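Enquirer: Generate the whole structure from the sequences, applying the supplied hints.
Going down the list, the sequences are from chains A and B. Residue numbering for the first sequence is 27 to 139, as defined by my numbering. Residue numbering for the second sequence is 462 to 570, as defined by my numbering.
Calculated from the structure, these hints are not laboratory results. Here the structure is a predicted model, which means the values were calculated and not measured. We put the beta carbon where it would ideally sit given N, CA and C, even for glycine. Keep in mind that a hint or two might mislead.
[As the list claims (entries may be wrong)] Derived lysine to aspartate or glutamate pairs resembling EDC-like cross-links, with alpha carbons at most 20 Å apart: (1) A/62 x B/464; (2) A/97 x A/111; (3) B/569 x B/466; (4) B/503 x A/79; (5) A/70 x B/466; (6) B/557 x B/476; (7) A/67 x B/544; (8) B/517 x A/79; (9) B/569 x B/476; (10) A/35 x B/506; (11) A/70 x B/488; (12) A/66 x B/476; (13) B/557 x A/44.
[Said to hold, decoys possible] Covered stretches of chain B, going by a simulated chain A footprint (3 or more residues, C-beta under 8 Å): (14) 498-506; (15) 534-542; (16) 560-568.
Next come the chains, spelled out residue by residue.
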Amino acid sequence: DTAVSQTPKYLVTQMGNDKSIKCEQNLGHDTMYWYKQDSKKFLKIMFSYNNKELIINETVPNRFSPKSPDKAHLNLHINSLELGDSAVYFCASSHGTGPDEQYFGPGTRLTVT
Amino acid sequence: QKEVEQNSGPLSVPEGAIASLNCTYSDRGSQSFFWYRQYSGKSPELIMFIYSNGDKEDGRFTAQLNKASQYVSLLIRDSQPSDSATYLCAVRPGGKLIFGQGTELSVKP
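Expert: Rendered as structure tokens:
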């Protein structure tokens with residue numbers, strides 16, 4: 027299936043731990059994104075990569091570090107997890123950096139206890 | 462003032478009625494506007510986009526844009542229970558999408 031996929035779908039961990047979320051798209055898109063959706067459903071962009079180059083870096087704590095090994099993959103590593111990091115994290119991709127449709131992955135529900 | 466504002470709802474309409482969802486935005490330089498639908502526990506999916514002032518129709522959905530008033534709306538005709546979801550307005554003033562907080566729509570049979 028052509029899609030944006032994320033792993034894991036659910037992630038429950040304790041404060042202070044380090045965790046990673048992986049994202050892959052097989053749509054041939056050049057641009058990938060990480061979004062955070064909080065408990066009030068507010069969806070906010072965190073990072074964007076175009077052809078492995080970081081192009082959007084919102085005011086996100088340094089504990090969050092994206093990595094794009096190639097243009098089909100964008101991973102998110104989170105250090106020293108905090109309670110406030112609990113949210114659903116969505117990966118998305120689009121063909122370019124212009125006003126193109128963004129396709130979202132299924133989301134990773136992160137719960138920090 | 463939030464960059465993109467929506468009434469969080471819930472908006473409840475009877476089956477077969479017209480549902481009207483509204484969105485205002487603050488950046489006058491915004492050029493492209495999107496409506497995403499998000500079912501509970503699922504990811505957002507694009508249902509409409511509009512770039513020019515006026516109306517754009519796609520099946521039961523009509524997007525309306527008024528750049529002078531910084532206002533974009535989504536009309537859903539003949540609403541169905543399957544339309545019950547959260548509708549996210551998104552605006553693209555530059556290289557990123559800025560989302561509103563979403564309006565929860567409930568269509569009652």
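Enquirer: Hint by hint, note whether the structure agrees.
Expert: Each hint tested on the structure:
1. A/62 x B/464: Holds, at roughly 17 Å.
2. A/97 x A/111: Since the Cα atoms of residue 97 of chain A and residue 111 of chain A sit roughly 26 Å apart, the hinted pair is violated (cutoff 20 Å).
3. B/569 x B/466: Judged against 20 Å, a Cα distance of about 25 Å means the pair is violated.
4. B/503 x A/79: Given that 20 Å is the threshold and the Cα spacing comes to 28 Å, the pair is violated.
5. A/70 x B/466: Roughly 13 Å separates the two Cα atoms, so the pair holds.
6. B/557 x B/476: 35 Å, violated
7. A/67 x B/544: Holds - the C-alpha atoms of residue 544 of chain B and residue 67 of chain A are around 18 Å apart, at most 20 Å.
8. B/517 x A/79: Roughly 35 Å between the alpha carbons, so the hint for residue 517 of chain B and residue 79 of chain A is violated.
9. B/569 x B/476: Between residue 569 of chain B and residue 476 of chain B the Cα gap is close to 6 Å, so the pair holds against 20 Å.
10. A/35 x B/506: The hint holds at about 18 Å.
11. A/70 x B/488: 16 Å, holds
12. A/66 x B/476: 26 Å, violated
13. B/557 x A/44: 28 Å, violated
14. 498-506: holds (count 5)
15. 534-542: It is violated, with 0 qualifying residues against the three required.
16. 560-568: holds (count 3)
In this structure, the hints that do not hold are numbers 2, 3, 4, 6, 8, 12, 13, 15, in rising order.
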